[in-house]
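Quick note: the sequence shown uses UniProt numbering, first residue 1, plus one each step.
Keep in mind that the hints were calculated from the coordinates and are not lab data.
Hints are not guaranteed to be accurate.
What the hints assert, rightly or not - In silico lysine to aspartate or glutamate, EDC-like type, Cα no more than 16 Å apart, as pairs:
1) K335 <-> E348
2) K335 <-> D264
3) K299 <-> E323
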Amino acid sequence: MDWEFLMGAPMPPKSQLLHGCFLEAERADRVARGLEALRSALKESYHGHMIAVIEEIRRSAAILRELADRSHVHVSRAPVVANHLNVVLPCMSKSLRDITGYYDDKTITRETRWRKMYHEMLEEGGLPLPQRFMMYNHFLTLLLFLLTRDKNYDQAQLELLRARIMDLRQRRGIPAPVQAPVMDLVRQESMVVPLMRERPHWAEHVLNLPLVSRTDMKGDERSRAIGPFAPARDLILPDAAKVLLRRSFDNDRLCLMIAISAVDGAPYIVLRVFDAGMELFCFRGVHEICVYRDGNNLKLKRWSHTSNCSKVWAVLSFITWEELVIFHCAFIALKSRNTLTVSVNPREYKLHGEKRLFQAV
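Generate the whole structure from the sequences, applying the supplied hints.
Structure follows, in structure tokens:
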């Protein structure tokens, strides 16, 4: 997205800013690959600083996608985050585009490209490149905490980083953004204050625990989602009270979220893909999905009313056996305890081809 046309214009709609998160995440991935190619051509004395920059830029891409994904399900809380995105996205975008301009300059040597990029961008912004992207990432992480009502959210830190980014925008000639009215912002932020005593959902705890062991699965298959999908603007996603799990597949080309509806408390699944520069979504209640194992994969099936038969909705490929088992067990538990579930096929309770791996003597 070219943010130049937004300068001085009214604040962009929330949907445009969230779409901008996906586009800038794509740009960050391209820049990281470009810098990695440049690093491989330079001597090792440059590698330390370059690796630090590359890692932070890759982290930017991951945070941007997660923030946008969660904003699409936390519908009522997203507007306050959009106001802050309007501050950081144009500044981050210009940093990424400037870096691209430097490493694509074929009129000078590769070593000179890096040295010129590093020193000129340092003089322009007053921050070394790794620290600049660390600042962006810290700001985006706080927005994620604000959106999810995380206890680690720090309003003072957010305002401090916001002021530093505004100063960087001014140094780089980026006009101040047009924001939503201040009182509207205050009212919105009061709606998303952290929930200090909220009891964690059992599934959230189980699905996000670090693995104590890892048994690699044989083969290397790609995850895929069949849908049907629709653009976010054409789909009304349920407002989520809580996201139990956000899991990315295929380098974040496919994202799955399990959320609890703020309306009826029922769990539902959201799938997001990014294709041809557009993020596409679909969702189903957990009670509408059947799950079966097929090798390294779990197949999620839905009922098609038009064809009057079940169809594959998504195929999730797991790297480790433990991840596959935990996801399957948590899904079946959520489905069987869901008041909207009519029945559970007995085949769903057992993983196809499962064998006892260890037996005590």
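A quick look at each hint next to the structure:
no., hint, result
1, K335 <-> E348, "10 Å, holds"
2, K335 <-> D264, "15 Å, holds"
3, K299 <-> E323, "14 Å, holds"
Of the numbered hints stated above, none is contradicted by the structure.
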